[in-house]
Structure formats: C-alpha cells, structure tokens
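Trainee: Here's the letter readout for the chains.
There are 2 protein chains.
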Amino acid sequence: MAVPTPDGYQILNSDRLITWLASLPDLAARLGGKPADWQVEEVGDGNLNLVFLVRGPTGGLCVKQSLPYVRVVGESWPMPLERAFFEYRHLAETGRHVTGLAPELIHYDAAKFAIVVELLAPHRILRRGLIDGVRYPDAALAVAEYVARTAVQTSVLAESFETVFNRAAVFSRNHALTRVTAELVFADPYHDHPRNSWTSPQLDDLVAEFRQDSRLKLAAARLGHAFLTRREALLHGDLHTGSVMVSDVDTRVIDPEFALYGPVGFDLGAFVANLLTAYFSQAGYVRSEDEQAAYGEWLLSQVAVFWQHFAQRYDQLWQAQTGGDAYPAALFQDPAGQTALALECQQVIASLFADTLGFAGIEIIRRVLGFAHNLEFESIADADLRAGLERQALALARRLLVEPGQFADIDGVIAAARALTQDRVAA
Amino acid sequence: MAVPTPDGYQILNSDRLITWLASLPDLAARLGGKPADWQVEEVGDGNLNLVFLVRGPTGGLCVKQSLPYVRVVGESWPMPLERAFFEYRHLAETGRHVTGLAPELIHYDAAKFAIVVELLAPHRILRRGLIDGVRYPDAALAVAEYVARTAVQTSVLAESFETVFNRAAVFSRNHALTRVTAELVFADPYHDHPRNSWTSPQLDDLVAEFRQDSRLKLAAARLGHAFLTRREALLHGDLHTGSVMVSDVDTRVIDPEFALYGPVGFDLGAFVANLLTAYFSQAGYVRSEDEQAAYGEWLLSQVAVFWQHFAQRYDQLWQAQTGGDAYPAALFQDPAGQTALALECQQVIASLFADTLGFAGIEIIRRVLGFAHNLEFESIADADLRAGLERQALALARRLLVEPGQFADIDGVIAAARALTQDRVAA
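Going line by line, the protein sequences match chains C and V. Residues 3 to 429, numbered by my numbering, are exactly what the first sequence covers, in order. Residues 3 to 429, numbered by my numbering, are exactly what the second sequence covers, in order.
Heads up, a few of these hints could be off.
One side only, chain V facing chain C, incomplete, derived with CB under 8 Å [stated by the list, open to error]: (1) 220; (2) 234; (3) 333.
It should be emphasised that the hints constitute simulated quantities derived from the structure, not laboratory data. Glycine is no exception: its CB is placed at the ideal position from the N, C-alpha and C atoms.
Next comes chain C alone, as it looks inside the complex (with noise of 0.2 Å):
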C-alpha cells in the first residue's frame, strides 16, 4: 500500500525530473543545450530521500526528493516530506555564511517537496574517501569554519532575538526528523528496541552492560535533555562524514535536512565521532600495518585540526559581533569589558568542548548499537575483527559520556584513541 501524499506531488523519475527542469529556464539555461542531451544518474546513497545528478552541456545540477518513507525501509516507515522544507530553508538561511562551504541554493519546489543545487564534481561524500584512505588536507578544517560560522552567525551573539526567535520557531516544527534524533540517537541505544542492531554476539555482553550502566544512561539523557532545550544556534543535525563532499581542494556540507536550533557541541561532537570510527576501523581495511598506522595518525590529526580551528574561529567571529542581544556590546566597551568578554568566550568555548566531547560518545554509541550503523565498521566483513574495532571505539565513548572531565584538552581525547588501538596490538 502506498504511503499518501499531498495532490502536486509524484515521486521524481528521470524522464518526470527532465520535463520538469525543461520548464524552469533559469535551470535549463544552467545545463545548455536541448533536454534530450541532459544526462541524469539517481545516486542517492543515505537512508531517506532520492538524489538526482543531471548534467548538460554546459553545467549540472544536483536535485534532491524526500520520498514519504525511509528509503532505506520502505513504506512500512512512513516520513513526513516536509524534511525537504527543512533542508532548503536552512541552506537559504545559511547560504551568505557559508559560501563555498556548502553547495549553492537554486531553486525549492513546494509540491514536489525537491531541492535544487549545484552540482559538486568531482566530489565524492568524505567517509567513502576516508575507507579509501585518502586524505584531504582541508576537509576538516572546512567543516569546523562551517560549524564556527553557523554557530555565531545565527545565534543571539550575532543578531536580534526577534530574528532567532523567528527562524527557531520555523525549524521547531521539524518534528520527524528531530523526532528520529531523539529516539534514535537519544534513546534506543539505550534499551531494548526492535530498530538497534549490533555486531552479535560478539557485542552482546557489552550491550547488556551499557543497559546497565546508570551512569552512561543519565549522561545520555542530560545531553538528550541539552538537545531538546539549548537554543544556541542553527544546527546542521546531522554532521557525520556522509554529509560532507570533498574533492581534493574544495569542502562542502551536504544534507542539512535535520536542522534545528541546539546545543553547538551536538554539530561538533557527530563531526568528531565520525573521524575517531574512521579511525577505530583501520585495522579492518587491507593495508599495510605502516599505511594504516600512518593514516590512523592522519586522521587523528584531523581531529585536532577540526576542534581547534572551530575554537579559533569561534573566538574570532563572537567577539566581531556587536548587533547580537546577548552579552550587548555597550556594556563591554571599555579595556576591561573587552579582556572580559574576550575570557568568558574562552569559558564558553570550553563549556563547548565538554559537550562535544559527550555529544561525540553519544554519536559513536548509536552508529555501533542503534539503528543507523557506519560505514567505515559495516565494510570489515569478519565479524570478530569488526567488533573488536567497534569495542575499541564504544571504550572511548563511554569515557567521553561519562568522564568527560579526565579529558583536558583535545590532545588528550586523541591519546585515548590512540591508546585504545595500541592495547590491542600488544595484546
């Protein structure tokens, strides 16, 4: 049975999709030449909506559908195609941020609930560039600029509350996607619930100790709780290594379709979770033990590179602020005030750091035990080998839940990592 859907809609197919741009000059003109030279690929790889790349003589463009299930499932999971509204409002929100850091807004369709972009090429999604072992230099750099952007920029630091309060009550009715976060992120990981699924049995003791384990499970609900109530800014909501293209000089942020106002550290800690699985599941690639050494180290690296650019420019961009109503600049004017607003950003963005930390064990507990698994472990086809990655990388995160405040800086949560993965060499 079909999943029903509101009259306008029909779920795009290459021959709908060409008469469709066909009728938009702005974006036929984009492609050249006649419709039956455009070229067009479905490619959509995530868990939800159909992606089109549609190429012309003369340019291409990137069209992207919600389907009203979870593609990944089928109809029998019905999602509201209003996620679509979401993904385009926060691209036309953010787009003047973050130019070059995300693909360029050019057209949203209402009824067909489908959005328009540029077409990235030679791009390719940086978590299957990162199993590939590939480094891109700047990636993560790119990605904490964004993050450091979003976060100022569309907060109360940077504009009126009337301007935020607005925008916030638009993404607040984001309900099925922030509802998937809450419980698939929030929730499932930690009790019994038919969508979870791990490495089993090899996990099977380790799952039933976090069901156990008081401690992991209030500090999961506290940042559950932060993620339901701290407006800090406009989130992305779903900041992993999918999410991001790269070619080898140019970063962009994708798919921001789960965007709501939250805590900052919960954008930055799914970033830092995803780099430490990639990190956790190179010994599952074949490669030499010195490449895979060699990349590990790289991609911890990048870990370091992301959090403190983010913390650089984070720093920066607040205090260039003077129009936010929070923390108002006429009361910081003089010597004084500027030395101490420019010490509470240093407190803020340490109060950051310890929510990223926590966000990130958060992030890596549900890629291993929920719904939504990674990449990076699901390749490793022997079980025994993947779950001895995956234990590696549930170790830290429980640290980072529960400990958050044995980790000084980001050095230290990178020698954690690093230590995990050693133990295992020597054992």
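Got chain C sorted already, so can you dock chain V onto it with the hints?
Mentor: What follows is chain V alone, placed relative to chain C:
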C-alpha cells in the same frame, strides 16, 4: 498623536465595557441582574494595561485590556497590543496545571485585546500587603507550588518535544515584552541609558562602580544569554510580588503577559529578589524596631519556604513523569536507574538554585538602578534612608551575581541578607 491601532480595537471605558459584557450571555449571567446594576472600577496600577473590576448582583469579573502604549510612560512609548494574547495563551496553557493558584480564564477577545478572568476578592496585591507588614502564611509556598508545577508540566520532562516546541514557538513571538526584559533587565542597568534612574546623588558612586565592574557585567550578560537560549519551561516571565494576589487564605499568580519559554531560575529568582527587597526595605517604615525585626525575619523565612517547597515539589513532580521525551522513562525503570534519576534530579535542582541566585541578583539591580522600581523602596520618602537600604540590597545582589558559589544553600542567602542589615544597625 494617538498610536495607531487595528480595526475593532477601542480603549475600553466603563460604558463600553458594560455594553460589551452585556452582549456575552455567559459573562452577563455570571454578573447577574441587568447591566444597569453592574459596578465598574478601573484599578490598573501596573506599568502597562487597563484593569477593570466589574461587580454584579451574583458575581464579579476582572477585565484586563492592553493599551497601545506603556501606560506609565504614555503614548511616547508605543507597545504592541498583542501582549494580551500571550497572557491569554499562558492562562489557557497552564490553567489545568495551576487550578486555584491562578485566576480562572473566562474569555478572550482577540479584537479588543481583552482578557476576562474571575474577580479575585477580597484579594490584594502581595507587594502592598508586605509593605503594610501583613503576614500571608501560605503565599510564598503557593507561588513555589505554581512555579514547580508549570516548570515540570510544560517541559520535555513531562511532554513530547512536539507539544513543547509548538507551544514555545507561539510564545517566542512575544517580542515586545521579551525585548523589554532583554533591555530593561539584562542590559540597561549596566550602562548609561536614559531609561535608568536611581536614588541620586546617594547611589551615584555605586552606579559608577557597577558600570566599571566587568565581573558583574559578565555575570549579567551570561544570564541574559541563558534567558534567550535556554527553553526549559514556559515561564511567567515577571514573577515579582506585584504579580501575586493574596487573601488570608488564597494566593493567585496573575499577569503572565511576559510569558515565554526560558530558564526556570528566571521566575524563581524574580520572586526571591522581591522578597529580599521587601526585607531590605523594612527599616524604612514607621514600625517599632521589634516589629520591624520580627517582620523582617518572617520575610526571610518565606525566602526559605519558597525555595524549599519549590525544590521538594519539582523533585516529586519530575519523578512522577513518564511521558516526556527528556530522560526517557524506558531507560530508568530498573531500581538502579530510579536511584540514578533521583540523584540527577537533585543535581538539576542544585543547578536551578545557582540560576535562582543569579537571576535574583539581576532582578534586585534592575529594580534599584533601572527603569521600573519597587514600591517598597519608592515609598520611603527620606532619600538618604532609602539609599542606605537600597545599598544593602545591591550589596547582596552583587554577591549573588558574581559569587553564587559562596552560598551553599538558601540559608546562606538569608544569613547574608541578615548580616547586611545588622551591619547597618551596628554602624
């Protein structure tokens, strides 16, 4: 020049009010008799609105109407009429949680921006009762109950995030009064602004000192940021002793027109602050020293009653919840989980306590150095005497804001307040 108003809006007077009420059968029936029998009295003594008490042979009504400007200033400070809508929505949303602790909502007229609630008689404004030295044994306890219930029941501790986000989106449009708070409470008193006033020249030195005090300004700004970003629960938004009506046996919280989602400590701090200003003002009244001392001690005891009752009830009400999206019940069903959740609740209450102290400091400062002053100080004619008492209040406020960690519990706050007034007696 009159401030422009929408079609259908007309400032009410006695005749218009009677004609209107006569057209509403349910309301006319409450009043009983004929319109010619109804008595109308305009009693608004706040800063913003018209308030009419209407009495008929069989019952009474209270009608509150927004004016298109700030009443206490006049048409030179226009103020959107929509504040009546937010007060109405707050009464409607919280009514079932605080039956008997707030006036019953009877009617709302969207075109007139007028709310009709039950007539509270023989109630009077708590602030005026306190100025007269009257003891209301249950008032602080009832207000604590009101805050505990609204804090838990309107939050993601008790409700789905969809319900909470939808409600928060409505109240996030309460721009005009939220702007009043953002500026008059969190910004103006800390820099040179024409809306400020204080007992001058007596307090000029302290005003200059505060505006140079980076730690103080930073603490104020940090709480201002929390006020604008932390959506913990639906707040009253202006919970001072002028927003509470009391009789010997009944207490009602009125006037939630500043309603918004925000940090619970903001409401708690406002009430604590106004009990403390009542305490500090005691030596300004012509009573025997014994009477002053005894009444002052009673006021301080109510600070403790207020906090302790809130803490106890917040704990009970939270732990009785099973339907909220935060701290999902499914994670904490085992005995260890129950114990952990109980400890977490105590930690959250400790954090609310710290917030309460900070927001109390903010409220005291803005009531002494900002735009809207407290009658208990204002009615002390002797400026030197008044300034001396205000100085005590400001000294405590500064400590609450800058060094909240000094206060292990509410008794510590009370001891500090007592010590400040005894210093003066000794001097």
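Trainee: So, as I understand it, the hint says residue 234 of chain V touches chain C; can you test that by seeing if any CB pair is closer than 8 Å?
Mentor: Since the shortest Cβ distance to chain C is 6 Å, the answer is holds.
Trainee: Residue 220 of chain V was flagged as interface toward chain C. Is the shortest Cβ-Cβ separation under 8 Å?
Mentor: Status holds, d = 5 Å.
Trainee: Taking 8 Å as the limit, does the beta-carbon of residue 333 of chain V come near enough to a beta-carbon in chain C?
Mentor: Holds, about 5 Å.
In summary, the structure agrees with every hint in the numbered list given earlier.
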